[in-house]
Amino acid sequence: MSSSVLYDTPGPRAQRLDRILNVVFSAMLVGGLVWAGYSFYQRGIFDDRWAILWDPPKGQEAADVWYSLLVRGLGATLTAAAIAAPIAIAFGTLIAIVRRGVTRRLVTGSATVVTEFARGLPVLMLMFLAKLAFGWSPLWSVVFGLVVYNAAVVAEILRAGLAALPKGQREAGLSIGLSPMRTTLMIELPQAVRIMLPALVSQLVVLLKDTALGFIVSYPELLRTIKTNRDYFGDQYTIPLFVVGATIYILINLSISRLATYIERRLRERGRGTEPPEIGPAGPIPQSGIGGPAREEGAHAGDPVFGAGRRPSSHAVPQRRPGETDDDYRHRVGEVDWRRASIEANTRTGDSQI
Amino acid sequence: METFVNEFGAIWGGFLATLSLTAASAVLSLVWGTVLATMRVSPVGPLRTFGTAYVEIIRNTPLTLMFFFFAFVAPSLGLTVGLGFQWSLAALTLYTSAFVCEALRSGVNSVGVGQAEAARSIGLTFGQTLTQVVLPQAWRTSVPPLISVLIALTKNTSVGAGFAYAELVTVQRTLMTSNPSDGLFIFFGIALLYLVITIPLGFAAGRIEKKVAFAR
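Protein chains in written order, with my numbering: chain A, 1 to 354; chain B, 1 to 216.
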């Protein structure tokens with residue numbers, strides 16, 4: 001994070017200012033919370049309405065309420081997601097393979113048009129299409145919308161991953177006589193999936209969030225269950241039910257997001273060992289040249305090349321051409337460019353998770 | 001086909017409704033998102049905490065839940081937000097601003113550490129470093145992701161259809177219900193109107209991305 005670089009290590013004056021600002025803003029935040037809490041209290045938000053969670057009215061048991069929320073509601077949400085996710089991933093992968101591996105222009109072109117079309121439409125529109133024009137049941141309408149949209153996004157994520165691979169991978173595959181399709185399947189795809197795994201996992205969060213659109217096409221998922229419970233028990237019970245629902249959604253999505261961040265960190269740490277030579281702003285630092293390896297003393301202990309007691313093999317490190325950007329250079333030299341891949345994936349697919 | 005032509009007035013009304021909701025919430029969420037991004041990179045601890053918590057929570061909340069909050073929950077909290085347009089605007093703005101904040105922050109993070117170090121070493125203050133060195137560069141990297149956020153926002157306005165805001169998907173629903181046989185034509189016609197908004201935006205993103213690419 002560069003934010004720590006934006007400001008200097010604070011001196012006495014800045015430290016004093018920091019302390020004052022800290023106190024002021026903390027007081028403002030706490031004050032705001034207290035004020036909100038008090039005004040809620042005045043409106044009777046903290047009265048016995050919360051009892052619906054353990055002792056509901058109308059002769060119902062707490063178990064009934066929780067059963068409808070957690071088993072029926074959450075169950076329906078997870079069912080839709082569990083059906084849609086594998087189908088979307090399968091179709092998305094298929095489209096990505098077709099766009100990369102098939103040499104016929106007509107086929108790849110139409111695959112591109114279809115993904116762009118599906119990605120540019122609201123998911124809700126697709127759900128209504130299935131529900132009203134095809135006459136499908138709410139569950140399958142939800143699944144249809146989720147599958148069409150997310151398959152297109154998965155295809156786009158994988159396309160970005162394939163594009164970020166070093167060109168040499170494909171060239172090597174083709175030069176040992178593999179067909180373009182086999183090169184894609186056996187050489188490029190496994191690597192692309194690996195580097196795009198975080199983006200793919202984040203996409204699951206989007207998919208799970210979008211199941212809530214089922215509320216609008218009257219699929220009885222979690223949000224719809226909350227609404228039904230509210231309609232049954234009465235308006236004053238909206239808040240406790242909503243708080244429970246929101247907590248469930250946020251907890252599940254937050255843990256999947258965390259998983260994505262974890263995978264991303266793991267990949268980055270693992271990737272470090274195989275990274276090509278360090279590239280300075282003025283071009284690559286030569287690994288060896290006149291007078292022996294320039295960077296021997298800077299080598300890391302765990303570096304496999306140095307660990308084996310060998311001198312680094314001398315090979316020409318391509319120079320950056322004038323006017324070439326960092327990204328272009330890396331692409332030409334054949335380095336998996338993580339930043340470019342992730343930016344590509346984000347800009348192409350619409351910021352992840354939205 | 002016939003329905004699409006006959007009902008074009010209603011469809012056009014829906015298109016304008018979608019467009020105005022998109023434009024209004026785009027402006028508001030850009031403003032609020034910039035404020036949030038400033039909070040997230042600021043030296044003041046409590047502001048950073050608030051910004052981070054806001055973004056983390058909103059990003060993991062379904063948009064439909066935000067609409068639900070303003071439509072059904074907010075009235076009992078004493079927050080009366082007007083019908084249809086107003087609560088759609090509130091929900092979309094609060095939701096989208098979290099993503100605007102992330103786009104801007106990733107732009108700030110993409111500026112090389114050396115830039116800020118150089119600025120500081122020639123004696124610029126925090127404010128000067130930010131406004132004269134870091135932000136002009138961050139802005140250029142942020143534009144393409146910001147446009148993707150706007151594209152997503154355009155599509156997200158459709159959630160208003162479930163909460164009493166009459167926009168394109170609402171029109172789609174009423175037309176499809178009354179003319180089931182014409183469903184596909186209505187679908188593709190309305191899809192075209194969405195693509196009229198989203199494709200130029202995506203095209204602009206690609207152009208700007210090429211234009212602002214620079215060597216670091």
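Worth flagging that the hints you see were computed from the coordinates, not collected in a lab. A few of these clues could be false.
As the list claims (entries may be wrong) - List time: in silico DSS-like cross-link candidates among lysine-lysine, alpha-carbon distance up to 30 Å:
no., chain 1, residue 1, chain 2, residue 2
1, A, Lys167, B, Lys210
2, A, Lys58, A, Lys167
3, A, Lys167, B, Lys211
Checked hints:
1. For the hint linking A:Lys167 to B:Lys210, the alpha-carbon distance of about 21 Å falls within 30 Å, and the restraint holds.
2. Distance restraint check for A:Lys58 and A:Lys167: the Cα-Cα separation of roughly 68 Å exceeds the 30 Å cut-off, and the hinted pair is therefore not satisfied.
3. A hinted pair counts as satisfied when its Cα atoms are at most 30 Å apart, and A:Lys167 with B:Lys211 qualifies at roughly 24 Å.
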